[in-house]
Amino acid sequence: GDSVTQMEGPVTLSEEAFLTINCTYTATGYPSLFWYVQYPGEGLQLLLKATKADDKGSNKGFEATYRKETTSFHLEKGSVQVSDSAVYFCALSINTDKLIFGTGTRLQVFP
Amino acid sequence: EAGVVQSPRYKIIEKKQPVAFWCNPISGHNTLYWYRQNLGQGPELLIRYENEEAVDDSQLPKDRFSAERLKGVDSTLKIQPAELGDSAVYLCASSRRPVEETQYFGPGTRLLVL
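As they're listed, the protein sequences go chains Y and X.
Every letter in the first sequence is one number past the one before it in our numbering, and letter 3, counting from 1, is 3.
Every letter in the second sequence is one number past the one before it in our numbering, and letter 18, counting from 1, is 1018.
Same shape as in the complex, but just chain X (with noise of 0.2 angstroms):
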C-alpha cells in the first residue's frame, strides 16, 4: 500500500511570495490532515478534512492560509503571501475514520522564508 504522498519535499522562497504544497492521502483515506512543524517542535494542526469538508480549521490562519480538497481526495495548502515565520515543516497525514483512528504521515515539505 502506497503511503501519504506530499510535494514539494522542499521549497525555498522569498517573503511576500505565494506558495503551495500538495498531498495525496493513501487510498480509501478520508480524513486528511494539514500539520506544521516549528523546529524543535512538535506538530500542531492547521485543519482537518473529512473528505471534501474542512470540520476543524480553527488554528489556520486564515488571513493568508488556504486549503482545498477537492473530490474528497488530493488537498492543497496555500500560504499567500508568506512571511518569515512561516518557515517550518508541513505535514499531511491520513486516516480511516472512524474505523481507525491511527493517522499516517507523509515526509513533510519543508519550507524556507527568506
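Bound-form chain Y, shown alone (with noise of 0.2 angstroms):
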C-alpha cells in the first residue's frame, strides 16, 4: 500500500545549521506531496507542497523538490533558528482523498 518513510529524530541542530530531513515515499498512483509542521501545542500546518515531478515547494525558507526518480521529497533549510523547533511530517496524497503521513521527525534547534 501507500506509505510514507521520514527518517527518525530528534534532530539536534546549533542554530544557522543547515537541516536536511529524509523522506521517502511509495505510492501506486501519482501523489502529490507535502510537509506539515506541528509547533508545541498547535495543530498541524502546511509547510510546503508540490503536486508533480521536479516541483519545488518553498516556504519560510524551507525547500523540497519532488523526485520521481528516487521517489523522494526531503526537506531542507539553509540556516535554522530556535523557532523552527518543532515535529515535521511528510506526507502525500493521491487524488486529494486523504493524506498518508510519515512518522514525524522532532527538530530541536538549540542557540
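Take these hints with a grain of salt, some might be off.
Stated by the list, open to error - One-sided excerpt, in silico: chain Y residues whose CB lies under 8 angstroms from chain X:
| # | residue |
| --- | --- |
| 1 | Ser32 |
| 2 | Glu42 |
| 3 | Leu46 |
| 4 | Lys49 |
| 5 | Phe101 |
Worth flagging that the hints you see were computed from the coordinates, not collected in a lab.
Please read all numbers here as calculations on a predicted model, not as lab measurements.
Ideal Cβ placement from N, Cα and C applies to all residues, glycine included.
Dock chain to chain to rebuild the complex, using the hints, since each chain is given by itself in its own frame.
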C-alpha cells in the first residue's frame, strides 16, 4: 500500500546550521507531496507542497523538491532558527482523498 | 479567516465511558476529515465527509466509533465505550475539494483513557 518513510529524530542542530530531513514514499498512483509542521501545543500546519515531478515547494526558507526517480521529497533549510523547533511530517495524497503521513521528525534547534 | 475549531482540547475519562469530540470546519469547506494521531506517530484517517455524506469510513472502528455531520457543517465524533487504546489526539481537518486539495487542521483533542 501507499506509505511514507521519514528519518527518525530527534534532529538536534545549532542555530544557523543546515537542515535536511529525509522523506521517501511508496505510491501506486501519482501522488501530491506535502510537508506539515506541528509546533508545540499547536495543530498541524501546511509548510509546503509539490504536485508533480521536479516541482519545488518552498516556504519560510524551507524547500523540498519532488523527485520521482528516487521517490523522495527531502526537506531542507539553509539556516535554522530556534523558532523552527517543531515536529515535521512528510505526507502524500492521491486523488486528494486523504493524507498518508510519515511518523514525524522532531527538530530541536539550540542557540 | 477563522481556522478549524475543535473542542474540547483535552479530555480525561475512565474506560468504558462515552466521549464526544466536536469540530467546526473553515467556512465554505465542503470536505471534513477526522484523523487519529497516536503518540509518536503520524495522523491516520478515520473518516472523510463530502458535505454531509461519509464517503470514506473504512478505517473507522464501527463497533465503538460513530460520527455525524449534520447539515454538512459541524461534525461530531463519538466513542462508546472508550478503551485504553483509544488514548490519542483526535484531529479534524477541512478542505475545499476539488478546488483545492490542501487540508487545514484544527488543534486537536487530546484524549486520555484511564
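Hint-by-hint comparison with the structure:
1. Taking 8 angstroms as the C-beta cut-off, the interface hint given for Ser32 of chain Y holds, the closest approach to chain X being about 6 angstroms.
2. Interface hint at Glu42 of chain Y: satisfied, since its Cβ lies 6 angstroms from the closest Cβ of chain X, which is below the 8 angstroms cut-off.
3. Satisfaction of the interface hint for Leu46 of chain Y is found here, the shortest Cβ-Cβ separation to chain X being roughly 6 angstroms, below the 8 angstroms cut-off.
4. Because the beta carbon of Lys49 of chain Y sits about 7 angstroms from the nearest beta carbon in chain X, less than 8 angstroms, this interface hint is met.
5. Of the supplied interface hints, the one on Phe101 of chain Y holds, with its beta-carbon coming within about 3 angstroms of a beta-carbon of chain X, less than 8 angstroms.
Checked against the numbered hints given earlier, the structure satisfies every one of them.
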